[in-house]
Amino acid sequence: AQSVAQPEDQVNVAEGNPLTVKCTYSVSGNPYLFWYVQYPNRGLQFLLKYITGDNLVKGSYGFEAEFNKSQTSFHLKKPSALVSDSALYFCAVRIYGNNRLAFGKGNQVVVIP
Amino acid sequence: NAGVTQTPKFRILKIGQSMTLQCAQDMNHNYMYWYRQDPGMGLKLIYYSVGAGITDKGEVPNGYNVSRSTTEDFPLRLELAAPSQTSVYFCASSYEDGATNEKLFFGSGTQLSVL
Chain A
1 AQSVAQPEDQ
11 VNVAEGNPLT
21 VKCTYSVSGN
31 PYLFWYVQYP
41 NRGLQFLLKY
51 ITGDNLVKGS
61 YGFEAEFNKS
71 QTSFHLKKPS
81 ALVSDSALYF
91 CAVRIYGNNR
101 LAFGKGNQVV
111 VIP
Chain B
114 NAGVTQTPKF
124 RILKIGQSMT
134 LQCAQDMNHN
144 YMYWYRQDPG
154 MGLKLIYYSV
164 GAGITDKGEV
174 PNGYNVSRST
184 TEDFPLRLEL
194 AAPSQTSVYF
204 CASSYEDGAT
214 NEKLFFGSGT
224 QLSVL
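Protein chains in written order, with the working numbering: chain A, 1 to 113; chain B, 114 to 228.
Don't read these hints as lab results, they were simulated from the structure. Glycine residues also receive a C-beta, built at the ideal position from the N, C-alpha and C atoms. One or more hints might be untrue.
Stated by the list, open to error - Here are some chain B residues the structure puts well away from chain A; computed CB gaps all over 12 Å:
hint : residue
1    : Val117
2    : Arg124
3    : Asn141
4    : Pro152
5    : Met154
6    : Gly155
7    : Asp169
8    : Thr183
9    : Glu185
10   : Ala195
11   : Ser197
12   : Ser207
13   : Gly220
14   : Gly222
Unchecked claim - Derived pair list, reagent style BS3-like, types lysine-lysine, alpha-carbon separation capped at 25 Å:
hint : chain 1 : residue 1 : chain 2 : residue 2
15   : A       : Lys69     : B       : Lys122
16   : A       : Lys105    : A       : Lys22
17   : B       : Lys157    : B       : Lys216
18   : A       : Lys69     : A       : Lys22
19   : B       : Lys122    : A       : Lys105
20   : B       : Lys122    : B       : Lys157
21   : B       : Lys127    : B       : Lys157
22   : B       : Lys170    : B       : Lys122
23   : A       : Lys69     : A       : Lys58
24   : A       : Lys77     : B       : Lys122
25   : B       : Lys216    : A       : Lys105
26   : A       : Lys22     : B       : Lys216
27   : B       : Lys170    : A       : Lys58
28   : A       : Lys77     : A       : Lys58
29   : A       : Lys58     : A       : Lys105
30   : A       : Lys105    : A       : Lys49
31   : A       : Lys58     : A       : Lys22
32   : A       : Lys22     : A       : Lys77
33   : B       : Lys127    : B       : Lys216
34   : A       : Lys49     : A       : Lys22
35   : A       : Lys105    : A       : Lys77
36   : A       : Lys49     : B       : Lys157
37   : A       : Lys22     : B       : Lys127
38   : A       : Lys49     : B       : Lys127
39   : A       : Lys49     : A       : Lys77
40   : A       : Lys105    : B       : Lys157
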């Protein structure tokens, strides 16, 4: 069965510093990978996805993620964090032809002014 | 467009009561989903539907029922509420044609407490 792991519960970063949120996945076929963000008292919002092609995927709000097949990872990155980036971030994986999206437990990101 | 609309936003139930969480989308999406979110556990899929009249179980379907009589609506029914069903519930929808693997659109959630 497909699954994702987000090893850190919380990521603290100073405003202006690079932000990285880690995600590793486990699937038996080719993975489709997603990142979603959740702001307080809101539903999840799509950030970006990797389906195929270029390993570096660019998404909303200046975020990008790099697909690494050998390390089975899909880390989310932002070169310069903003206070408004403080939120809960979820990695998710799906296999082509499978209707189910498996979410990780989420990472709380705190950007310190 | 309103997107995905969930009602109510908050609800407190007593053990053994029943209720229906409403979900509607106006994007003509064929796929709809119900997730529950528990702290530190991520999102767990309860039920999903690939079109009107078709539903299927997710990871944690016990204690819940769904129906999909129209493309727009996907209500979630709790028949005998239990404290273990205290959670935040999210409805989501997407358009899937078997090739594009599109993103999910989420509602703002229903916070349910069973006491």
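For each hint, the structure was consulted:
{"no.": "1", "hint": "Val117", "verdict": "7 Å, violated"}
{"no.": "2", "hint": "Arg124", "verdict": "15 Å, holds"}
{"no.": "3", "hint": "Asn141", "verdict": "18 Å, holds"}
{"no.": "4", "hint": "Pro152", "verdict": "9 Å, violated"}
{"no.": "5", "hint": "Met154", "verdict": "6 Å, violated"}
{"no.": "6", "hint": "Gly155", "verdict": "4 Å, violated"}
{"no.": "7", "hint": "Asp169", "verdict": "8 Å, violated"}
{"no.": "8", "hint": "Thr183", "verdict": "19 Å, holds"}
{"no.": "9", "hint": "Glu185", "verdict": "17 Å, holds"}
{"no.": "10", "hint": "Ala195", "verdict": "23 Å, holds"}
{"no.": "11", "hint": "Ser197", "verdict": "18 Å, holds"}
{"no.": "12", "hint": "Ser207", "verdict": "9 Å, violated"}
{"no.": "13", "hint": "Gly220", "verdict": "5 Å, violated"}
{"no.": "14", "hint": "Gly222", "verdict": "6 Å, violated"}
{"no.": "15", "hint": "Lys69(A) with Lys122(B)", "verdict": "40 Å, violated"}
{"no.": "16", "hint": "Lys105(A) with Lys22(A)", "verdict": "12 Å, holds"}
{"no.": "17", "hint": "Lys157(B) with Lys216(B)", "verdict": "17 Å, holds"}
{"no.": "18", "hint": "Lys69(A) with Lys22(A)", "verdict": "14 Å, holds"}
{"no.": "19", "hint": "Lys122(B) with Lys105(A)", "verdict": "23 Å, holds"}
{"no.": "20", "hint": "Lys122(B) with Lys157(B)", "verdict": "19 Å, holds"}
{"no.": "21", "hint": "Lys127(B) with Lys157(B)", "verdict": "23 Å, holds"}
{"no.": "22", "hint": "Lys170(B) with Lys122(B)", "verdict": "24 Å, holds"}
{"no.": "23", "hint": "Lys69(A) with Lys58(A)", "verdict": "17 Å, holds"}
{"no.": "24", "hint": "Lys77(A) with Lys122(B)", "verdict": "32 Å, violated"}
{"no.": "25", "hint": "Lys216(B) with Lys105(A)", "verdict": "19 Å, holds"}
{"no.": "26", "hint": "Lys22(A) with Lys216(B)", "verdict": "20 Å, holds"}
{"no.": "27", "hint": "Lys170(B) with Lys58(A)", "verdict": "33 Å, violated"}
{"no.": "28", "hint": "Lys77(A) with Lys58(A)", "verdict": "10 Å, holds"}
{"no.": "29", "hint": "Lys58(A) with Lys105(A)", "verdict": "23 Å, holds"}
{"no.": "30", "hint": "Lys105(A) with Lys49(A)", "verdict": "18 Å, holds"}
{"no.": "31", "hint": "Lys58(A) with Lys22(A)", "verdict": "16 Å, holds"}
{"no.": "32", "hint": "Lys22(A) with Lys77(A)", "verdict": "9 Å, holds"}
{"no.": "33", "hint": "Lys127(B) with Lys216(B)", "verdict": "36 Å, violated"}
{"no.": "34", "hint": "Lys49(A) with Lys22(A)", "verdict": "15 Å, holds"}
{"no.": "35", "hint": "Lys105(A) with Lys77(A)", "verdict": "18 Å, holds"}
{"no.": "36", "hint": "Lys49(A) with Lys157(B)", "verdict": "20 Å, holds"}
{"no.": "37", "hint": "Lys22(A) with Lys127(B)", "verdict": "40 Å, violated"}
{"no.": "38", "hint": "Lys49(A) with Lys127(B)", "verdict": "41 Å, violated"}
{"no.": "39", "hint": "Lys49(A) with Lys77(A)", "verdict": "13 Å, holds"}
{"no.": "40", "hint": "Lys105(A) with Lys157(B)", "verdict": "10 Å, holds"}
In the structure shown, a violation is registered for the earlier hints numbered 1, 4, 5, 6, 7, 12, 13, 14, 15, 24, 27, 33, 37 and 38, in ascending order.
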